[in-house]
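Q: Residue numbers (numbering that gives the first Met the number 0), protein chains in the order written: chain A, 0 to 225; chain B, 0 to 116.
Hints are computed from structural coordinates only; laboratory data are not their basis. Be aware that a few hints might be false.
[As the list claims (entries may be wrong)] Chain B regions said to be covered by chain A (calculated; three or more residues, Cβ under 8 Å):
| hint | segment |
| --- | --- |
| 1 | 35 to 46 |
| 2 | 56 to 63 |
| 3 | 71 to 80 |
| 4 | 84 to 92 |
| 5 | 96 to 102 |
Heads up, the beta-carbon is just placed ideally off N, CA and C, and yes, glycines get one too.
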Amino acid sequence: MERLSLEKKVLSENDRIAGELRERFRRHGILCLNLISSPGAGKTSLLERTLEQFPHEQRVALLTGDIQTDNDARRLARFGFPVQQITTGGTCHLDARMVERALAQWRLEELDLLLIENVGNLVCPASYDLGEAAKIVVLSVAEGEDKPLKYPSIFFKSELLVLNKIDLLPYVPFDLEKARENARLVHPGMEILEVSCTAGGGLESWQRWLGQRLAAMRAARPAVRL
Amino acid sequence: MHELSIANSVLEAVQAEIQRRPGARLLKVGLRVGELAGVDPEALSFSFQAITHGTEFERATLEIEARPRRQRCNECGKEFTVQDYNTACPDCGASSTVCISGDELELAYLELEGLEE
Numbered sequence: 000m001e002r003l004s005l006e007k008k009v010l011s012e013n014d015r016i017a018g019e020l021r022e023r024f025r026r027h028g029i030l031c032l033n034l035i036s037s038p039g040a041g042k043t044s045l046l047e048r049t050l051e052q053f054p055h056e057q058r059v060a061l062l063t064g065d066i067q068t069d070n071d072a073r074r075l076a077r078f079g080f081p082v083q084q085i086t087t088g089g090t091c092h093l094d095a096r097m098v099e100r101a102l103a104q105w106r107l108e109e110l111d112l113l114l115i116e117n118v119g120n121l122v123c124p125a126s127y128d129l130g131e132a133a134k135i136v137v138l139s140v141a142e143g144e145d146k147p148l149k150y151p152s153i154f155f156k157s158e159l160l161v162l163n164k165i166d167l168l169p170y171v172p173f174d175l176e177k178a179r180e181n182a183r184l185v186h187p188g189m190e191i192l193e194v195s196c197t198a199g200g201g202l203e204s205w206q207r208w209l210g211q212r213l214a215a216m217r218a219a220r221p222a223v224r225l
Numbered sequence: 000m001h002e003l004s005i006a007n008s009v010l011e012a013v014q015a016e017i018q019r020r021p022g023a024r025l026l027k028v029g030l031r032v033g034e035l036a037g038v039d040p041e042a043l044s045f046s047f048q049a050i051t052h053g054t055e056f057e058r059a060t061l062e063i064e065a066r067p068r069r070q071r072c073n074e075c076g077k078e079f080t081v082q083d084y085n086t087a088c089p090d091c092g093a094s095s096t097v098c099i100s101g102d103e104l105e106l107a108y109l110e111l112e113g114l115e116e
């Protein structure tokens, strides 16, 4: 019997493709964000509120992942920006190859922002790098303030927590302070925004965050865009 | 339940190694899974058994080493294992600490027999 030392990442093939995507995004100066949440927390609603305030000339495209149906892509298409639905057919997450395949449909030089809506799931999408600049986790107050402790991986790996449906706070037993504390236990210093995508509260903080990230990406853009 | 996808990635990596070693038979696959990896070791073992059933790897076992989350203090440099989600430094109390391990999902080793010298 012989022991052969390998010392490699299990998802090295996914990570390799994600690394290539990240490099392509960097060369084209594209900000790519990967939105993750449990089903129904409000990823699509957050994207709707985001798209409706963009000018028509905004160079944004969207990828939306679901196990079945193209309902989300149809919800997002009415804003007039390019949208593709990735239907995974049972797979509970998007992986880098799915994103790579979808991007073949678009000219990256025409984009500044790529928003990816992952499959609704707080567990599996955390393991798959898609080449994004940042993961964003969306949590709704109807879900309970202990979610960061129950699903630490995604809260640890996400740069930003968007707490959605804060208009429901009077009706649900959700301890906002505890939720912030739990998120920052798992991810010290985590940035947290509180919004209501249906009632409209707090969205300017999200727009400001996104605007800052886009500006930083513009500043870092290569002088000659390929 | 993405453990099936992950088991598949493990199997693909194993197949690539075995193909390069004529006559080798797989006995064991050693993995390291951090507590922040978001992967359930039991579901992963079950998935690996399921996809290798009826193949040449049927009798191979997965050995999974669970790795705790470890942090390093940005103030005093102390390295410590996180317990009860508490990421503050146990020595100096600083809250500014950085994760140094615990999110790994790594293929550590293979145990093989029948290798040709």
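Q: Hint by hint, note whether the structure agrees.
A: Results of checking the hints against the structure:
1. Coverage of the segment 35 to 46 of chain B by chain A holds [criterion: at least 3 residues with CB-CB distance below 8 Å; count 4].
2. Counting residues of the segment 56 to 63 of chain B whose CB falls under 8 Å from any CB of chain A gives 0; the rule of at least 3 is not met.
3. Restraint check on the segment 71 to 80 of chain B versus chain A: 0 residues with Cβ-Cβ distances below 8 Å, three needed, restraint violated.
4. By the rule of at least three residues with a Cβ nearer than 8 Å to a Cβ of chain A, the coverage given for the segment 84 to 92 of chain B holds, with 3 such residues.
5. Counting residues of the segment 96 to 102 of chain B whose CB lies closer than 8 Å to any CB of chain A gives 3, so the stated coverage by that chain holds, three being the minimum.
The structure fails hints 2 and 3 (numbered hints given earlier, in ascending order).
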